[in-house]
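Enquirer: Quick note on our numbering: the sequence shown kicks off at 438 and runs consecutively.
Just so you know, these hints were derived from the structure itself, not from any lab.
Glycine residues also receive a C-beta, built at the ideal position from the N, C-alpha and C atoms.
Treat the hints with caution; some may be incorrect.
Stated by the list, open to error - With beta-carbon atoms standing in for the labels, derived distance ranges: (1) F442 to S523: 25 to 35 Å; (2) K520 to Q542: 27 to 37 Å; (3) M438 to H571: 48 to 58 Å; (4) Q440 to K552: 53 to 63 Å; (5) A515 to E470: 27 to 37 Å; (6) S447 to I534: 18 to 28 Å; (7) S447 to Q510: 50 to 60 Å; (8) Q542 to Q480: 51 to 61 Å; (9) L544 to A451: 20 to 30 Å; (10) Q546 to S447: 46 to 56 Å.
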Amino acid sequence: MKQFFHKSLSLVMAVLVLSTTLSFAIDMHFCGETLVDYSFLKQAKTCGMEQPLNTVKCENPSVSQKSCCSNSQLIKQASDDLKVSSQQLSPEIQIFITSFFYAYQNLFQTDTTNKISFNEYPPPLIQRNIMILHQTFLI
């Protein structure tokens, strides 16, 4: 579970860094209020309902016709003002951070080796025979 959490968090952070430093443009074609087509790399396809521009010039056009279709473009520029920042830490703070992370890591680590301490020492000498004292015999 912990490994899955670390992998998913690193994936989210990588996508976040990539999306903040990447620039892109989306071209959209609307017919009325409805989105008909969108494109990331080239101009969006039209729906074919556009009205052609009048080639005949009038002195006083009384009615100007507005097309029902419109194109819009959403542009996200990349930020080029990224810079590497470095900060000098005092030796006391470095020692504190190192010891804190070491202690925190060992806090959740379990000891997998079962050390048996009594195998290294011989048992004490018997002063009385307990089996005879309690009169328990195997038959």
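Enquirer: Does each hint hold? Answer for all of them.
Expert: Hint-by-hint comparison with the structure:
The beta-carbon spacing between F442 and S523, approximately 29 Å, falls within the hinted interval of 25 to 35 Å. With their beta carbons about 32 Å apart, K520 and Q542 fall inside the hinted range of 27 to 37 Å. The beta-carbon spacing between M438 and H571, approximately 53 Å, falls within the hinted interval of 48 to 58 Å. At roughly 27 Å, the beta-carbon separation of Q440 and K552 lies outside the given 53 to 63 Å, and the hint is violated.
Distance hint check: the CB atoms of A515 and E470 are about 31 Å apart, consistent with the given range 27 to 37 Å. For the pair S447 and I534, the beta carbons lie near 21 Å from each other, so the given range of 18 to 28 Å is met. Judged by the Cβ atoms, the range 50 to 60 Å given for S447 and Q510 is violated: they are separated by roughly 34 Å. The hinted window of 51 to 61 Å between Q542 and Q480 holds, with their beta carbons roughly 54 Å apart.
For L544 paired with A451, a C-beta distance near 28 Å keeps the hint of 20 to 30 Å intact. Between Q546 and S447 the beta carbon distance is about 21 Å. The supplied range of 46 to 56 Å is therefore violated.
Hints 4, 7 and 10, counting from the list given before, are not met by this structure.
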